[in-house]
Structure formats: structure tokens, C-alpha cells
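Visitor: Go ahead and model the full structure; you've got the sequences and the hints to work with.
Take the sequence shown: its position 1022, counted from the start at 1, is 1022 in UniProt numbering, and no numbers get skipped.
Some hints could be false.
Below are the DSS-like pairs computed for lysine-lysine, each with C-alpha atoms no more than 30 Å apart in a straight line [said to hold, decoys possible]:
no. : residue 1 : residue 2
1   : Lys674    : Lys582
2   : Lys607    : Lys776
3   : Lys532    : Lys359
4   : Lys166    : Lys181
5   : Lys166    : Lys200
6   : Lys365    : Lys512
7   : Lys509    : Lys532
8   : Lys827    : Lys674
9   : Lys143    : Lys154
10  : Lys607    : Lys725
11  : Lys187    : Lys158
12  : Lys359    : Lys512
13  : Lys827    : Lys862
14  : Lys532    : Lys512
15  : Lys582    : Lys821
16  : Lys367    : Lys582
17  : Lys74     : Lys187
18  : Lys187    : Lys154
19  : Lys536    : Lys512
20  : Lys509    : Lys365
If you are wondering where the hints come from, they were derived from the structure by calculation, not from laboratory data.
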Amino acid sequence: MTADIGSDITWITEPPEDGVAVRSKPFTLQCHSTLPNATYLWMYNNRTLDLVNDSRRQILPNGSLFFKTVVNRKGGDAGSYRCIVQTPTGAVSSKTVTLLTAVIHDFDVHPFNVTVSSEASRSVIRFNCHVNSVPLATIMWQKNGVVLSSNNNKFVTKVPGVLYIKQVNEDDAGEYRCVGKNQLLNKTKYSEVGHLVVNKINISGSSGSQSGLQKLAFISPNVFNTNVKYVTEGDNVTFECVATGVPIPQLNWSFINSTGYRHNTILNDEETSVNILSLTRVSSKDSGTYTCHALQSMTGWPDMPRAQNFRLEVMTPPNIIVPPETQTMPIANTIRFRCVAEGNPTPNITWYHNGQRLKLNGRIKAKSKQLLLVSNTVSSDSGFYQCFASNQYGTVWAGAMLNISSSPFEPSPPINISCRTLSSSQIQVSWRKSPTDIPDDPPILVRDDSTQLGSSHSGVQSSSSSATVSTDISNKVSRAYSIHYMPTDGGEETQQVSVNHSIIVEKLKPYKNYTFYVRVYNGRSGSDQSEKVTCKTQDGAPQTVPELIVTPLSPISLHVEWAAINVNLANGAVTQYQVMWKRLHSSSNYIHFLPNDARQYTITGLKPGEQYEVQVLGATQNGLPNIDFSWHLIELPSINPILPIPILMFSIDRSIIRLSWLVNDQSIKFDSFKLMYRTTSQTNQSIMLLHTLRSDTNHHMIHYTSDLDVYEVLLNCISESGEGKSAYRTIAVMSDMLSPPSQIEAVATSLQTLNLSWVSLDFVDPSSLVFIINYKPISNFSQNSTTIYTDTGVFSFELAGLKPYSLYEIKIAVQDKNNRKSEFSQKIQIRTLQGVPGIVEQIELQWINTSTVRITWVEPIKSNGVIMGYYVSYTSELHIPPTSWIQLNVSRHKNSLDLCDLNNNTQYFFMVRAATDAGFGPQSGIYTITPLTTLINPPVNSKYPANSPALYMEDQQLLGIVIGCVIGVCCILICTTSIVLKRQCVKAERVRDPQQNSMGTDVAYCAQHLRPFTIDHDHHEESVPLNDVNYITRHIDGRSRYSNNMSGMALPLLDQSNPGDHDITNVHIIENPQCTVDVDGYDVDSLLSESAEGGAGTEESGCSDQLAKSHKGGGDSSVVDDGFHEHVVS
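Guide: Below you can see the structure in the form of C-alpha cells.
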């Protein structure tokens, strides 16, 4: 296949080039290839050019794009184009070219008026002009309407758009202008006229006198510091050097090469006043510093030459010096293409595959800008690969072919690929083996130290809980599957491995489309990729909040605006917005729900002059954000007590609410009335309509649309000094209605009680009002609300009988003695105080090696607050007081603990309790684990083969054993002595530094840096103390006293058979595993507390420094320095 395509130079023999077309004229972009069976496709501005039913444009048989007439307008033919040559073996793309349409605009720079009034200024003057034209216009100069000759040495026109006049005299005065001509369009433009005025100069004095001399001066362009000019290799360059003075300066040019060659090279002859240096078809060797030297002689001053420096950088387009090479490889291999390019500046490398820009992902990578890596190749990777090297001065490319060959051992790709969304982060992918797969599939040798294959339940494998397949080297797996997935809109490709026909892919982003395909591998080859399927994860909770703009509308109202949440952070379609507000430092907050298209809301019923916090949260189907975000703080203006309070009245007649008002004190002057209103029912209008009315206005009409409408109306007086108190009315179209209470606040006073307070807005007798309180807990379960009627005239109430640490929603209405009622107020939310947690559930124990026990549990069903941590107590002596058990703190984020350096022939007993800010919960029952030695009891083989050698012991061997025993006894005595001394040192060390950890680095659990609880129980439920022996003994009655009496393990670690029957190479004993565990970043301190009964622990566990206990004390009802809070006091 590759032999027929030839060199990449022949792939596109006539590539398109940049061009300029004329409007309404024909034009052709060239493209032709010698590849066999080639067809052509054109891209326009990176989109496929659709030429179906296009009578104006067509692709010629040779591949060129032909325009019958060129359109020059917005959306016309100007733009970027590239030609794609398609063949049965792949496609090739040309470089991108630009098509411009010819145009010439009016001059944007015109000649200025110049007046010559001195001898020095007569030496040379400069005119310039500029016109934008495509292609570049030809510039000519006219004097008094006559074109100046370029052969006249007096006029220098070497630089386009610049005119120099040397040795000016009175005859040079006149009108000068530019004439620009676009040769392609045959259009001419004229600049404005610049006037040259030459005044007579008195030269009666001696021309050689000192008074007639004038110092040298460079004229525009005036560049005393180095000016860098960047040009492309092959361009023509001009440098201008012009100077005035008396006598006339002499000018010449020199050059210093940028490569370090410091010898000045004289470039041209010396000239007076004007010296234009012209360079044609420059190359990189022309880069360097060009210096114009100016000299005045015989001036009487020191001959000090002046100079101007110009820096030239000749930029080179890219050149590929190492092109990629054509390759042929079998499927499921790794391919490397190398492409090295040079240029100034360094070119960027872009890879194309079959005419399209290659999308780099986890499987296809570009490394070090020179290497393209294609791993796990599939058949669709075959085709043409092109390396494009480009900088702002050009683009080149080189290409290679990749041929993916087939193998007789290549399995057929899996079939029936399907995916199913499980959650916002999980998608299940399933497939089946192809019925056309090859027989006698070569197996894969599985090594447990290199192949990570997941176990599954019910044929489903979880990617997050995959375990190493425990097989010996001789075990074989007939086939393994790789599951590939990536975001559908582009991104990193990821793969996982399974030996099953289904897998659960986890840790995906919410509300995002993912594309999956599957491949199968046997012992010798891999399959091609399967068909692709796409699934979208479910909504997740938003990860951000909208930006807020909060503006005070009046002393009692705020206007809140927000933008839609960023789609990438919303994690789903926003279903509603939740607006919350509260007075600063208040423990309760108002809450109001709005539809997903709402972008603003007006908050009313606030307390003037107070600071308020406002927050808006977006919710998806998966709920609200689970992150705490800061609130927006704003201060309301205070009320001007001098301004009067309007008396607001209303009447209803024929779909019109007629508002009227009056001010009792007419002597107080103010500027205007501020009227705001909105409906509070049916339409649930979220913003206030605001009207500013003249101070002599006393009425306003509101047109209502439904008899069920209820309006919230506010009216107050405003002046330059502030705003007065608002008159507030609730107006119901069909009934006489009171206004609901406002400024509702709640304070949690205990685990089960809340104190409520509120303010009535109506100017009625407070003693005649009864308030209706409706409240309910907010939870995942449907809860009925409770309604309570207060006594008359009260404006506070205590709610009792509530659940600990539960969120409640409360709203209040008012009723007077005439049975007039209000709507319910805005809802507020508040949470009761925390209580002590319930019993820790589902405790399990398991030996994980010969000296370590793992204990696991789940959070109490009734947490009654935020679990701040767990306390694990254990002992091998059940008769000792519980306060003497070894006690360990565990982070709230952990639900397991590894206890190491235990004696595997000793029975241990365990208890677990949880804690919140309110205190400790009750202890669990006592759990035990059977000694490991009773589980591993291999039978003794009393029969030996007939050919077994006889067993005997020489005297020398017996003597060696005796000596060894003596040495062992001595070592035991030495160790015992050192332990006793160490205990004494440890106690003394703790007196000096209670936070220092005195344990060795090889201690098992090593639950270092733990902090104890300090609890105030006076204001909370009574927690069960750690030393309540009566409580503990209630759980150890008879045979049922030990939970999980069968050692706490679901299955024994090893069975009772001969250990030699097991493949011990796959049994890994982990020494002191807990010592390597980072407890979620906690910096907790190890503390050893002595109990009142005489010491909380011993060193028998091997974790002597990890002992801690709970102790009671007065003070604040919170956990102080308990090792569970994320805030750590240094």
C-alpha cells in the first residue's frame, strides 16, 4: 500500500497559495495531487465548504477551487482555505492559505504644512503619507498637480509614502500631495494637500562666521536608541537617515553582523542631508545593527560624529530537517513519529491525521514538540500523518504513512456495547464476546504484581474497588478487556481493565457526556476497538454560587441580582434558585425559592440601619452545593426620623386598586414619594415595581389581573437627607387581609427548643392579635407540619419538643379579633442544637496479619449532630475497670482502625463510641476476637515416607541449642529491664513535654498526635461516661455478652489445612500498616492520661503512647482541642 503513494512531496503537487481576488471577477485556488483515486474537499474558515447547489463556486477536476465571481462583503469569499485530498488509504491536507479581496481606502495619513524659516531647515524637509490598500498601492508625489520625477536628485522618493526635498529654495514652495494607485483594481486615491512655505532668509553676514553655524540634528524618523525591524527572509528593506545643520552634514552607513562579527562594514557612499539605505532580498546573514553616521566639519566645534542605530532581524520561515517516517505495525502497539523543524522564531508543531487536526488525548500524545506517540493502536489509526511546522513567517509540512497490519491471533472486538448511567459520577458499561472470535484463544499469563484486574459482584466490577487478582504465575486468563472512555466534547482518554463483561466506571464529572469503547486482549494480540457508545452522567450539586449585586432600595428593602451559574461549574441543569438572607450574626435565616429563569429578587421587611447577609444558591436535581460559600454583606440605610409617615389607604373597583395617602404634618418638606409594590400570590412576582412620585401626588392606580391577587405595597417619603419610615400594607382583592409579621428571628436554646420573635407591620392594637406559627422539620422524609396558636398580644414564643440537630422551617401568620388573617410570612430556617450521638453500629473485627487487628464500624443511625470523632477502647483483661482500657481517638472521617503489635494468642475485647460537640455517646457492646493461633492449627503429619532420612542430633548440636537458650533468656531480662526504665522515662518526659511522642517508629497503630475531648455536659443530654461499669456490664450477660463470638471475621484468614497447600507467594503480611496512614491531614497529638483509679493503660498493646481518656469539666458546651476538629491550635 505504501509503495504506491510515493514521497510526500507528490501528495499535493500544486498546493494552494495566498491570493488576492477582485470583486465580481473569477478566481482560482490551485490544488492538485498525483495520489491514485484522489477526490477533493475544501475547508473554508475550518468548516467544510458546502458546494451542493452552488452555481458560483465549484471544484475543478484537477482539484482546484474555482470562483465564477468573487463576493466582497461580510460573509463573502475572503478568509482561510485549505484543500484536502481524499484517497482510499486516507486523506492529506494542504497548508492553510488566505484569500483576500482587493480594496483601496482613503488616505489615513496626509502631508503636513511646512514652513522653512532658517538656513538649517533649508537643507532638507520631509513629507509623508499613508493609504491602506490590498495589494499595496503604488505611491507617487505631485507638486502643484504635476507628478514629481524620481530622477530628480532634489526629490528623494525611495521610501514608499515619503518625500524628501533637499536644499530647499523659494522655487520649491507650493502644494504637495500623494497619489495612491491599486494596480489590481486600477483605482486611484488622492491625499490632502500639504503646503510648503519658504521664507526669505537674511544671509548678509559672513557665511563662514560662527554665528551662521547650526548644529547637526536628525529629523523624523528620529531614533537615538536601537530600533528593531523584523522582516521575512527575501524581503526588501529600507532605512532612512536624514539630518540638518549648517554646514550640511555628511552621512554614511556601517554594519555589524549579529553573529558577533564586530568589524564595521561601510555599506554605501557618503551623501549629504539624506542617505537612504536599501537592502534587497535579505537573508539571515543580513541580521545585525545598521548605523548611520553624521558628521559636520569645519564648524569650530570638536568633530563629534552623531549616529543613529537600526537593528534588523531577518526571520526565517520553518524548515523541517527530520521528517516523520512511514511505518507498518500490527494492531495494539505503540507508534512513534518524529518531526524536527527549525526556524526563527522556533516553529510550532501541529499534527494532522487523514486531513484533520489530530486530537491529543491519553492514548495519543505529543511529547517534547517533536514526538507523536500513538499507543494501543487500532485500525482507524492507519492513514496519512502530517507534521505542520509554522511560525508567523510561514508554514511547511512533511508526511508519513501508518499501516496497521492484521494478525492471525487478533481477536474480534466485543459486541453489544451498552452503557447505563448510575449516578452523577458512575456509568456502567457492558459488552459481549463476539461470536466470530478466533478459536483456541491464546491465554494471558497473569502476574499479581503487575496486572490489576478487578473483582466483581453479580458480574459488575467497580473501578474504584478493584483488587489484585491473586493467582500464581502458572494461572492463566483467557482474555482481558480494556475499557476506554473520554469526554465526548474532547479531553483525556482513560482506560481501565476487566476480566468480566461489565464494569462500573467511577469518578466521572457530573452532567457530562462520555464516549466508551472496549477492546479485548488474548495472549498474543489485541482486538480492534468496538463500536462506540455515549452516556451522560446525572446531575451533580453545583460547585459554585452566582455572583451577586445587592442594592438597597429603601431602609427596609434590598434588590438582589445575579447571573446564571457557569455551565462548567453547575454540574447540571439548574432547576431553581434559593435566596437566603439574615441579619448579621443571626442564627436563623429567611429562605425563598425561585424558578430557574429568575435573575433578581426584592427582599422586604428588613430592619433599618442593620447589616444583612445575602446568599443565592442554585440547585440541580441532585440538590444544593455541598460546600460552604461566603455571604454577601450589605448595610441598610437608617430611617430619617424627621420625615413623616404616610397614611396609606385603598379601594378596589373594577380590576383597579386605587391607592391614596395623606401626610398629617404638612409643615415637613420632602422631595417625593417612593411607591413599591408586587403581587405575593399566584404569579409569585419576585421583584418590586418602583415608582417615584411628586410630593404633591396623593394617589396611584394598580391594575390587577386576577381576583386572587394579593399585593404587597410600601410607601415612604424621601428627601436629600434620606428616606422616612415606610407605610406597609397587604392588599387582597377579594378580602380584607392583614400584613404578615416581619423581622422574624429564631434562636436555638437547647436540643429541643427554639425561641421565636417577630414584629407586626399593621397599625392595630397588638393586644388583639393572635399569631399562628407553622413549623416542620426539613429532611429527606415527608414530614407533616405543626401549627400552634399563641396567646393574644405576644411577640415571642418558645417551640419545644423538637428533635436534636434538626433543620426546621418556620412561618408565621397573624389573626385579629375580627378573624381577619394575613398570609404566612416568608419562611425562616434554623437548626436545633446538637445532642450526643447514638450507639455505633455494625462493629466488625478481623486479623489482617499475625499481629494486627482491624476494627470497622458505621456511623450511628441517630447522629444527633456532626460526628466529631470516635473513641476506641480495648483490653485483653476484661476484669479491669473500663477507664484502664487502652483508649484511642479516631478522626471523624475514618470508620476503621488497625491495632498492631498485638499478641495473636491472646483474646482481646473492644468497645467503640462516637462524639459530637455535645459530648460522647453511649459505649457499644463489648466485641471480642478469637486468638489467631486457634484459627491456624495445622494437623501434625505422623507418617513419613519410607525413604525419609533418619533424624538424630549430635552432642555439638545439643550444646548449641543450650547456649542459644541461655542467650535468649539474657536478652529477655535485658529487654524487661529497659522497658521498666523506659516507662519511668516516658512518664518523666510527658511532664516536660506532654505532646511529644515517645514511641518507636515501629509501633503498630501509632495513632500519634491524638487529642482528648473536653466536654461540658451541664447543658446537654447526659452522656454515658467511659468509667460507667454498670452500663458496660449490662451488655455482658451470659453467652450473649460478646458480639460476634466467632472472632469477628466473616471468613477465617486461612483454613485448617496444611499451610504448604497454599500459594504463599500471594500472602502479604503488612507490618504496622496503620503507621503509614495519614489521618486526613490531621496534626493530632498523642496523649497518655492517667485515670482517677490509677492509670488508663499499659504497654501490652505495643502502642503505649496512644492512650487517652475522656474527662468532664465545666465551661463552654463544645469540644475543646479534641483531635477531631479540623481547626488545630498550634
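Visitor: Give a verdict on every hint.
Guide: Each hint, compared with the structure:
For the given pair, Lys674 sits about 25 Å from Lys582 by alpha-carbon distance, which is consistent with the 30 Å threshold. With a CA separation close to 26 Å, the supplied pair Lys607 and Lys776 stays within the 30 Å bound. For the hint linking Lys532 to Lys359, the alpha-carbon distance of about 17 Å falls within 30 Å, and the restraint holds. In summary, the hint linking Lys166 to Lys181 is supported, as the alpha carbons are separated by about 26 Å, within the 30 Å threshold.
Distance restraint check for Lys166 and Lys200: the Cα-Cα separation of roughly 17 Å lies within the 30 Å cut-off, and the hinted pair is therefore satisfied. A hinted pair counts as satisfied when its Cα atoms are at most 30 Å apart, and Lys365 with Lys512 qualifies at roughly 23 Å. The hinted pair formed by Lys509 and Lys532 meets the criterion: a straight-line CA distance of about 19 Å does not exceed 30 Å. About 27 Å separates the Cα atoms of Lys827 and Lys674, which keeps this hinted pair within 30 Å; it holds.
Restraint check for Lys143 and Lys154: satisfied, since their Cα atoms lie roughly 13 Å apart, inside the 30 Å limit. Between Lys607 and Lys725 the alpha-carbon distance is near 11 Å, which keeps this suggested pair within the 30 Å criterion. Distance check on the hinted pair: Lys187 and Lys158 sit about 22 Å apart at the alpha-carbon level, within 30 Å; holds. Simply put, Lys359 and Lys512 have alpha-carbon atoms about 19 Å apart, close enough for the 30 Å limit, and the pair holds.
For the given pair, Lys827 sits about 27 Å from Lys862 by alpha-carbon distance, which is consistent with the 30 Å threshold. A hinted pair counts as satisfied when its Cα atoms are at most 30 Å apart, and Lys532 with Lys512 qualifies at roughly 16 Å. Distance hint between Lys582 and Lys821 is fulfilled; the C-alpha atoms sit about 26 Å from each other, no more than 30 Å. Straight-line distance between C-alpha atoms of Lys367 and Lys582 comes to about 54 Å, which puts the hinted pair past the 30 Å bound.
Among the hinted pairs, Lys74 with Lys187 is consistent with the structure: their alpha-carbon atoms are about 22 Å apart, no more than 30 Å. Proposed proximity of Lys187 and Lys154 is supported: the alpha carbons are some 29 Å apart, at most 30 Å. Simply put, Lys536 and Lys512 have alpha-carbon atoms about 5 Å apart, close enough for the 30 Å limit, and the pair holds. With a C-alpha separation of about 22 Å, the suggested pair Lys509 and Lys365 falls inside the 30 Å cut-off, and the hint holds.
Checked against the numbered hints given earlier, the structure breaks only hint 16 and satisfies all the rest.
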